[in-house]
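There are 2 protein chains.
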Amino acid sequence: MMLESSKDGAAPNHVDQKLTPGQSSRFKKQMEFILEVDKLKHVLRQTILMDRSRRENSAEHSWHIALLVPVLAEYSTESDIDMFHVMKILVIHDLVEIDAGDTYCYDDKGREDQARREQIAADRVFGLLPADQATEFRALWDEFEKRETAESRFANALDRIQPFLHNYFTDGQTWQANHINSRQVHERMLPVKDGAPDLWDYVNTLIADAVKKGILAE
Amino acid sequence: MMLESSKDGAAPNHVDQKLTPGQSSRFKKQMEFILEVDKLKHVLRQTILMDRSRRENSAEHSWHIALLVPVLAEYSTESDIDMFHVMKILVIHDLVEIDAGDTYCYDDKGREDQARREQIAADRVFGLLPADQATEFRALWDEFEKRETAESRFANALDRIQPFLHNYFTDGQTWQANHINSRQVHERMLPVKDGAPDLWDYVNTLIADAVKKGILAE
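These protein sequence lines map, in sequence, to chains R and G. Number 108 in our numbering belongs to position 111 of the first sequence; there are no gaps in the numbering. Number 23 in our numbering belongs to position 26 of the second sequence; there are no gaps in the numbering.
Looking at chain R on its own, in the form it has when it is part of the complex (with noise of 0.2 Å):
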């Protein structure tokens, strides 16, 4: 599970205490912080580009949904709900992964220690930063996977429909070398059905239709 996301890179990234005079320690930590995060564009997730060309890294996901927030937000379940929080929650909301790597949403075996293997991550990731910002960004993860709030909900919804977008738009490639079935697929994205009900219905639109053409096992 730990992918590409693991391997050490060449250069030395890390800040010399020289290299920050008149600055504090808190800012030093902020930008080991920057550097570290770089290598999100390192985990490869199963979904692949819209022109199938390659899988996709999860700091592109990442910008991608941040990107769904203004362009989807009228469709949330509560009109009332903080934007800002939800794109804070999904530009941060993969960090674990340097650590833990992706791991695939149906791969069961994957997903048993996945929580522990994620917990571990999140210490040492967020615990990069100064203390006020580790507890805060630790908070926006463990908001995002309680799913308890209206915008974890709609960060959520975001997060699912995304990848399911690019498997139906490239035939179910992804789909169908792992075996997936459409019963698979509508539990997966049952967060959208919560998050934002309006996109549910062209969610079941897209699953019927991927069957019906034989890109996804009924």
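Watch out, some of these pointers could steer you wrong.
Which copy? The list can't say, so a pair holds if one copy fits it or any two copies do.
[As the list claims (entries may be wrong)] List of simulated lysine-lysine pairs, DSS-like, C-alpha gap at most 30 Å:
id, residue 1, residue 2
1, Lys143, Lys190
2, Lys209, Lys25
3, Lys210, Lys190
4, Lys26, Lys209
5, Lys25, Lys190
6, Lys26, Lys106
7, Lys25, Lys106
8, Lys209, Lys143
9, Lys26, Lys210
Bear in mind the hints are in silico, worked out from the structure with no lab data behind them.
Since the structure of chain R is already known, use the hints to place chain G on it.
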């Protein structure tokens, strides 16, 4: 200047009208936009990743600087600014590159017609959205380019500092390959002085250190 971004995807990445039953043409336009922006993942920048394994693409860059908002917000020149607005600017600021490509910041020839190319690109890419959102997104991009608001000045500072950190922490590989000197870097980084003055000292320390180490020409 068209780079990889201009290649057509093999996938049928358009939204069939029959797939949006009960949905408005508004929704169809939003879906078309969501599928189209995937192409930003193919636009390569000059910046290389921290481990030097490959060049960064503009989607990864956009994610990285959006994440910098909650990390570095305290260094903004003005404390009373709308950080959600900054984040929206950053996730859309490079979308014009889907058509116009990434113009290297020190490429004087490429920059001559950059504005014209990017205006045409903005018309097409943002024009995929429903009219109200097209107007909103175009205004965000214009604001970023003009640097007249506190939000756009902070956004520009973050957009400059991230590739600068990559350059410094990969021993100036991109600077050397493109024969860039410290005066050019200094000038390029001026928006940091403007939008995040507390980071300006740090930038100058790294520039001086890069010259001293011989990884950046004086």
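Which numbered hints are broken by the structure, listed smallest first?
Hint check: 6, 7 and 8 fail, others pass.
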